[in-house]
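Trainee: Residue numbers (the numbering used here), protein chains in the order written: chain A, 2 to 79; chain B, 338 to 479.
Check the hints yourself; a few may be wrong.
[Claimed, not checked] Quick partial rundown of chain B residues pointing at chain A, CB under 10 Å, derived from the structure:
#1 CYS392
#2 TYR393
#3 MET396
#4 PHE409
#5 LYS411
#6 VAL453
#7 LYS465
In short, the hints are calculated from the structure, not lab data. The structure presented is a predicted model; accordingly, all values stated were derived computationally and were not measured. The C-beta atom is built at its ideal place from N, Cα and C for all residues, glycine as well.
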Amino acid sequence: MVQVKYFGIIAEAAQCETENIAEENMTLSKILSDLSSRHSLGDYNFQIAVNRKIVSNLSEQLLEDGDEIAFLPPFSGG
Amino acid sequence: MKKVFLEGAISPEFITDSIAKHQGKHSIGAHNIFLGQVRGDEVEGKKVESIDFTCYEEMAHEKLHEIREAAFEKFDLTCMHIYHSLGNVKVGGICIFVFVSAPRRKQVYEATEWLVNQVKSEVPIFGKEIFENEESQWKVNS
Chain A
2 MVQVKYFGII AEAAQCETEN IAEENMTLSK ILSDLSSRHS LGDYNFQIAV NRKIVSNLSE
62 QLLEDGDEIA FLPPFSGG
Chain B
338 MKKVFLEGAI SPEFITDSIA KHQGKHSIGA HNIFLGQVRG DEVEGKKVES IDFTCYEEMA
398 HEKLHEIREA AFEKFDLTCM HIYHSLGNVK VGGICIFVFV SAPRRKQVYE ATEWLVNQVK
458 SEVPIFGKEI FENEESQWKV NS
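Start from the sequences, fold in the hints, and give me the full structure.
Mentor: Pasting the structure below:
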């Protein structure tokens, strides 16, 4: 199981803050394209974090059970 | 884990208490403080009334830990504190408080600016500006 978290404007667009994905042997790029199309996120600007680290190369890396993916819109603290 | 996030605006009393707590540390010769205040911007005739802050708290704490470690490597500091609001902060409220202390002043000026820039660019905090007419827009840092 992989947990997906959405923040800020992305959570509003997806109309949820977290969801669990139960499929096995998913690549990061596959899950991102599935979720982007399911929640119509194509027009939004966001970064992806896996296990709380920003991933710059959205590769074919296989996700493992317990991984946490986050959709992060531009930061605007301060 | 150091406490960073505070619910609502950061009060002036919290800030003065923080200063008072450092008066017993006699190696300190200079403090510098940055306070960020919610600005009542006007966007297309609508005035910002408050900002709602949310964050990815687990990642924010990891990132702040890295920033803190890097700050102590980079500057000769005695101590440093970062506080940021979550939830609603009205116009005029303080939403970020960065407090840097060192033996001498040169380091605290540089460290404060570096830290505020790091928090704004690296820590997953999201602000939503709420207008007087209850409409809203997601804040973008400039």
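Trainee: Taking the hints in turn, state whether each one holds.
Mentor: We went through each hint and held it up to the structure:
{"no.": "1", "hint": "CYS392", "in the structure": "7 Å, holds"}
{"no.": "2", "hint": "TYR393", "in the structure": "6 Å, holds"}
{"no.": "3", "hint": "MET396", "in the structure": "4 Å, holds"}
{"no.": "4", "hint": "PHE409", "in the structure": "21 Å, violated"}
{"no.": "5", "hint": "LYS411", "in the structure": "19 Å, violated"}
{"no.": "6", "hint": "VAL453", "in the structure": "6 Å, holds"}
{"no.": "7", "hint": "LYS465", "in the structure": "7 Å, holds"}
Going down the numbered hints, you'll see the structure goes against 4 and 5, while the others check out.
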